[in-house]
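Undergrad: Based on the provided sequences and hints, a complete structural model is requested.
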Amino acid sequence: MAGTTERPTGFGRLKRKEDPRFIRGQGHYVDDVTLPGMLHGAVLRSPLAHARITSIDTSAAQQHPKVRAVITGKDLEAQGLAWMPTLSADTQAVLATDKVRFQGQEVAFVIADDEYAARDALELIDVDYEPLPVVVDPRTALDAGAPVIRDDKDGKSDNHIFDWEAGSEEECDRVFEDADVTLVTQEIPFQRVHPAPLETCGAVADYDAVTGKLRLWCTTQAPHAHRTLYALVAGLPEHKIQVIAPDIGGGFGNKVPIYPGYVCAIVGSIVTGKPVKWMEDRTENLTSTGFARDYLMRGRIAADRDGKIRALRVDVLADHGAFNATAQPSKYPAGFFHIFTGSYDLEAAYCTVKGVYTNKAPGGVAYRCSFRVTEAAYLVERMVDLLADELEIDPVELRMKNFIKKEQFPYTTRTGWVYDSGDYAATMNEALRIAGYDELRKEQAEKRARGEYMGIGCSFFTETVGAGPKKDMDIAGLGMADGAELRVHPTGKAVLRISVKTQGQGHETTFAQIVAEELGIPPEDVEVVHGDTDQTPFGLGTYGSRSTPVSGAATAMVSRKIRDKARLIASAALEVSPDDLEWERGRWFVKGDPEKGQTIQEAAFAAHGTLTLPEGVEGHLDAEAVYDPPNLTYPCGAYICVVDVDPGTGEVKIRRFIAVDDCGVRINPMIVEGQVHGGLAEGVGIALMQHIAFDDQGNCLSGSFMDYLVPSSMEVPDWELGETVTPSPHHPIGAKGVGESSNVGSPPAVVNAVVDALEPFGVRHVDMPVTPARVWEAIQHGTTRPPQ
Amino acid sequence: MQVPAPFDYARASSVDEAIALLERLGPEARLVAGGHSLLPMMKLRLATPEHLIDINPLESELNYIREEGGLVRIGALTRHRDVLASEVLARHYPIVREAEELIADPPVRNRGTVGGALCQADPSEDLSAVFAALGAVTVIRGSGGERVVTMEDFHEGPYETAVGDAEMLVEVRVPIREHGGSAYEKVKRRTGDWATAASGVALWLDGANVGAAGIALSAVNPTGIRSTRAEQALIGRPPSEEAFAEAAALAAEDCNPATDQRGPADYKRHLAQELTHRALRRAAERALAS
Ligand SMILES: Cc1cc2nc3c(=O)[nH]c(=O)nc-3n(C[C@H](O)[C@H](O)[C@H](O)COP(=O)(O)OP(=O)(O)OC[C@H]3O[C@@H](n4cnc5c(N)ncnc54)[C@H](O)[C@@H]3O)c2cc1C
Chain D
-15 MAGTTERPTG FGRLKRKEDP RFIRGQGHYV DDVTLPGMLH GAVLRSPLAH ARITSIDTSA
45 AQQHPKVRAV ITGKDLEAQG LAWMPTLSAD TQAVLATDKV RFQGQEVAFV IADDEYAARD
105 ALELIDVDYE PLPVVVDPRT ALDAGAPVIR DDKDGKSDNH IFDWEAGSEE ECDRVFEDAD
165 VTLVTQEIPF QRVHPAPLET CGAVADYDAV TGKLRLWCTT QAPHAHRTLY ALVAGLPEHK
225 IQVIAPDIGG GFGNKVPIYP GYVCAIVGSI VTGKPVKWME DRTENLTSTG FARDYLMRGR
285 IAADRDGKIR ALRVDVLADH GAFNATAQPS KYPAGFFHIF TGSYDLEAAY CTVKGVYTNK
345 APGGVAYRCS FRVTEAAYLV ERMVDLLADE LEIDPVELRM KNFIKKEQFP YTTRTGWVYD
405 SGDYAATMNE ALRIAGYDEL RKEQAEKRAR GEYMGIGCSF FTETVGAGPK KDMDIAGLGM
465 ADGAELRVHP TGKAVLRISV KTQGQGHETT FAQIVAEELG IPPEDVEVVH GDTDQTPFGL
525 GTYGSRSTPV SGAATAMVSR KIRDKARLIA SAALEVSPDD LEWERGRWFV KGDPEKGQTI
585 QEAAFAAHGT LTLPEGVEGH LDAEAVYDPP NLTYPCGAYI CVVDVDPGTG EVKIRRFIAV
645 DDCGVRINPM IVEGQVHGGL AEGVGIALMQ HIAFDDQGNC LSGSFMDYLV PSSMEVPDWE
705 LGETVTPSPH HPIGAKGVGE SSNVGSPPAV VNAVVDALEP FGVRHVDMPV TPARVWEAIQ
765 HGTTRPPQ
Chain H
38 MQVPAPFDYA RASSVDEAIA LLERLGPEAR LVAGGHSLLP MMKLRLATPE HLIDINPLES
98 ELNYIREEGG LVRIGALTRH RDVLASEVLA RHYPIVREAE ELIADPPVRN RGTVGGALCQ
158 ADPSEDLSAV FAALGAVTVI RGSGGERVVT MEDFHEGPYE TAVGDAEMLV EVRVPIREHG
218 GSAYEKVKRR TGDWATAASG VALWLDGANV GAAGIALSAV NPTGIRSTRA EQALIGRPPS
278 EEAFAEAAAL AAEDCNPATD QRGPADYKRH LAQELTHRAL RRAAERALAS
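Note that the protein sequences, when read in sequence, are chains D and H.
Just so it is clear: in the first sequence, position 328 is 312 by this note's numbering, and no numbers are missing.
All you need for this note's numbering is the position in the second sequence, starting with 1, plus 37.
No wet-lab data here; the hints were simulated from the structure.
Among the clues, some could well be false.
[As the list claims (entries may be wrong)] Here are the computed lysine to aspartate or glutamate pairs in the EDC-like style, where the Cα-Cα straight-line distance is at most 16 Å: (1) H:Lys225 with D:Asp630; (2) D:Lys549 with D:Asp628; (3) H:Lys80 with D:Glu427; (4) H:Lys80 with D:Asp265; (5) D:Lys431 with D:Asp628; (6) D:Lys258 with D:Asp98; (7) H:Lys225 with D:Glu635; (8) H:Lys225 with D:Glu699.
[To be verified] DEER-style ranges, computed between Cβ atoms: (9) D:Asp3 with H:Phe44: 38 to 44 Å; (10) D:His144 with H:Glu197: 46 to 52 Å; (11) H:Tyr196 with D:Glu153: 55 to 61 Å; (12) H:Asp297 with D:Ser141: 33 to 39 Å; (13) H:Gly179 with D:Ser43: 40 to 46 Å.
[What the hints assert, rightly or not] Partner residues aside, some chain H positions facing chain D, computed with beta carbon under 7 Å: (14) Gln39; (15) Val40; (16) Arg226; (17) Gln298; (18) Glu311.
Given the structure is predicted, the values throughout are model-derived calculations rather than measurements.
Heads up, the beta-carbon is just placed ideally off N, CA and C, and yes, glycines get one too.
TA: Structure follows, in structure tokens:
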């Protein structure tokens, strides 16, 4: 499988161009940036979750011999920078002025000669807090008399953020009234988790007072969007701002927002006249930067007795923390949650989402699916299993019965999505084949008879990725279209400039392969430039599995422009009409005279040489493209998880995990598989061990890797992958996104497997993370059947 | 980067020098061995010693595992890795390797030491339970000389030991006894995690009956706990499921676990019973086979 003996000239298995530098430790991350005279910043954070600041005394810190400046919210206020806009039309404090609203919130910024001194000086700052009652549980956030967290907002008298709905309540009610079977779930939480990229967030800001130029090296997945926002917020002229994202050590959505630390580094550089570096530590990353999920969901399902699912309804309470800092298109405050109808053909669907403030860190952007598809997939796949149990139908059979059929695509869902393509039954069947599903069920029956608890869990997800059409989607007013520029140098070597930014996804390889496929030149002849706003065209960046669906399409389009131009050049060189030329990989040749032709390399030289070009054709071989996707792409997958549960200790061992992904055409299958592996490991972590937990005072209990657990190779099985390929009909190369799929699809497969294993104990549901303690408790109490 | 508060640093070139430095620098001085407990606490500024005395140069003096005079003697600077690899320990006490395989991860085991583990006195620490079950004693040295303290008396509370400010632990002595078997059981949330609960068990047969027993648990009490009631329940009886169940229940009764992120107290109490029972079964099998 992993054989790479034959080097692909376009799509195919190819080792990543990035690998040599990462494997040799030669990557260049933000923390590797060192500039002459650079100072170091550190953030003082609130120890309390909710408190009024009565005074801040920085005098002792100022006197520290190595301290150059101490900045507080008051200082920023004077320049109108104490608050900044979030990516969801809210505001967030850069440094607190009036109150602190979550534990870990930024209160002051110290700039010193080195990081040690900066951190020492934090302890010299004296802040007086007057503690206020806290809102930790989102269920109480809207109670009368709940403390108002956002009293900074004019006239705000509660903790309500938004109410949002999709689908038709009326149609849903109607179906529920005459359905044979209706089932209401208990409240099913998708717990607060954190993507915990191994590289924490940070920035180096270098403001040149003479030229007025600001250079910012930053851990950002979206350098262009950041640049524009800095321009809008700080009033800095946009052409004088250069945002550079060097190598990024994992993002997963955590590096989409602008964090107060970045703004402080910029202000620090302006104030001191020196470059300022700020790098957060692990605790800061886990406790103050973008978390993910934190949805409390209640589902209802209506079906016929024979297992035809007719309608779904979900009501969600969403905990957004102290500031609404998700990154959702303006129209969709709950992201793409309205894909909760999953892969099923329904008569009706309806969902409501209520967003509230609590005294917790802001976020909701992150963890390999920013747009709430993970929450949606988890709920629907749990519900289908609950229904299967209720109807005593095999969960796979129930899914098969309800899948949207191949011939129904493009399929418009009851909540308005237009799924582009899929063959769900084929994808499911491939997973069953790899798993040996019937054999597994036999083995399970034998084991049960012996008192051994083995579980088989299935999930089938449909993802919606590649945001998105400009007419529907924006982030902070910026349309979600991305540009690409391609220059072919005289010798036929090319430089591709793209707006998106790899954080480990292998863009430098995949995008070179797209050009290679389109132009028939070797991928190693294509240099991919990204992550530097002065060097690349505008675009919204890499998240939401959008790079291939959007920028990949832009890259194919720009390559085709080059190909078309090469045709004109070839026609001039060969003295034939362009219509008489035919394309074969890498070369235009004369129809009927295949010996006579011109390669892309020859065309490139000719374009830069002395050849007289046809009327209207400019020299050189360069092109630009901007791609506004006509629709999102809809990858899907069938996952099967096999677990063994030790009922004496509650320990869960994942024995097998089968993942069949359909992400359309695979550009580099090896990279796709790597993405799937990583997402599956994350999904296992989420399902079994991860939770950003708080005590009743809003103290975060998960501020280190001792408490916030990341699975190791010991906790995950050898993944068994498979594929089906249903090209996206509207994407120029038929590709769909894949980066997030496995994180979306795996948690329900794991939980379904554990619940299946515990069926003899009467267990119908176990909340994530499914820790040994929770498994044991479920066995003791057997969770109650959901009320009818 | 998490950075510690400022501190001074000295390297000891002998045990005597380390003790002299401790005496001279007073209670704000701390020894550093593997550093895997102390340095993380310093980086989080939970510990802010003014002086660090590095005892890593004392490898030749303090890193050893020796079998002599009916004892296995383990030097305080012996690394987890060495304990894990030791054939002597594995032969006499299978519990040791079983526990070590479940302690932390290779990078931590490469540096972390027996002395550091015992002196840190974390309530979830594993080797204390192992040594307590085996009836080991500790050797503590100060400028006035050496004293021997049993494992039960070594721990004075969570993170508190019998080692004085100007003293250090130099050795652990484990008695070698015939017809024994031992085992360790631990539940953790993932590889490298500390115990949610753990139980260490050793049994010695006197003919067909249990002649002596050691049962010690970790992570289920403010300090490590040895359940003498559970041990007594086994002595004088042949090893049997019934006896194990009785002893395991007593061990669980003796626990006082706290509810935390690893689980509720009743779960941990259940684990104390379940793990003790499992460990007893395996220890007895080994004793019968010896
Ligand atoms: C990620 C991680 C996971 C871990 N998991 C486990 C686990 O599952 N089970 C477990 O049991 N342990 C675990 N540990 C602890 C680890 O195994 C070490 O035992 C522990 O860190 C202490 O050993 P050390 O040599 O590093 O001590 P240090 O950190 O150097 O010292 C610890 C304390 O002991 C004192 N000290 C050290 N040596 C002496 C001496 N000779 N005399 C007097 N005082 C002394 C020091 O002054 C300090 O106060 C884990 C540690 C880490 C970092």
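Undergrad: Indicate, hint by hint, whether the structure satisfies it.
TA: Results of checking the hints against the structure:
1. H:Lys225 with D:Asp630: The hint holds at about 13 Å.
2. D:Lys549 with D:Asp628: violated (60 Å)
3. H:Lys80 with D:Glu427: Violated. Lys80 of chain H to Glu427 of chain D sits at ~50 Å, over the 16 Å cutoff.
4. H:Lys80 with D:Asp265: Distance ~10 Å between Lys80 of chain H and Asp265 of chain D Cα, so the pair holds.
5. D:Lys431 with D:Asp628: Status holds; Cα separation ~10 Å.
6. D:Lys258 with D:Asp98: Holds. Lys258 of chain D to Asp98 of chain D sits at ~13 Å (cutoff 16 Å).
7. H:Lys225 with D:Glu635: holds (9 Å)
8. H:Lys225 with D:Glu699: Distance ~12 Å between Lys225 of chain H and Glu699 of chain D Cα, so the pair holds.
9. D:Asp3 with H:Phe44: 38 to 44 Å: holds (40 Å)
10. D:His144 with H:Glu197: 46 to 52 Å: holds (50 Å)
11. H:Tyr196 with D:Glu153: 55 to 61 Å: Given range 55 to 61 Å: holds, Cβ gap about 58 Å.
12. H:Asp297 with D:Ser141: 33 to 39 Å: holds (37 Å)
13. H:Gly179 with D:Ser43: 40 to 46 Å: holds (45 Å)
14. Gln39: holds (4 Å)
15. Val40: holds (5 Å)
16. Arg226: holds (6 Å)
17. Gln298: holds (6 Å)
18. Glu311: OK, holds: Glu311 of chain H within 7 Å of chain D, min 5 Å.
Hints 2, 3, counting from the list given before, are not met by this structure.
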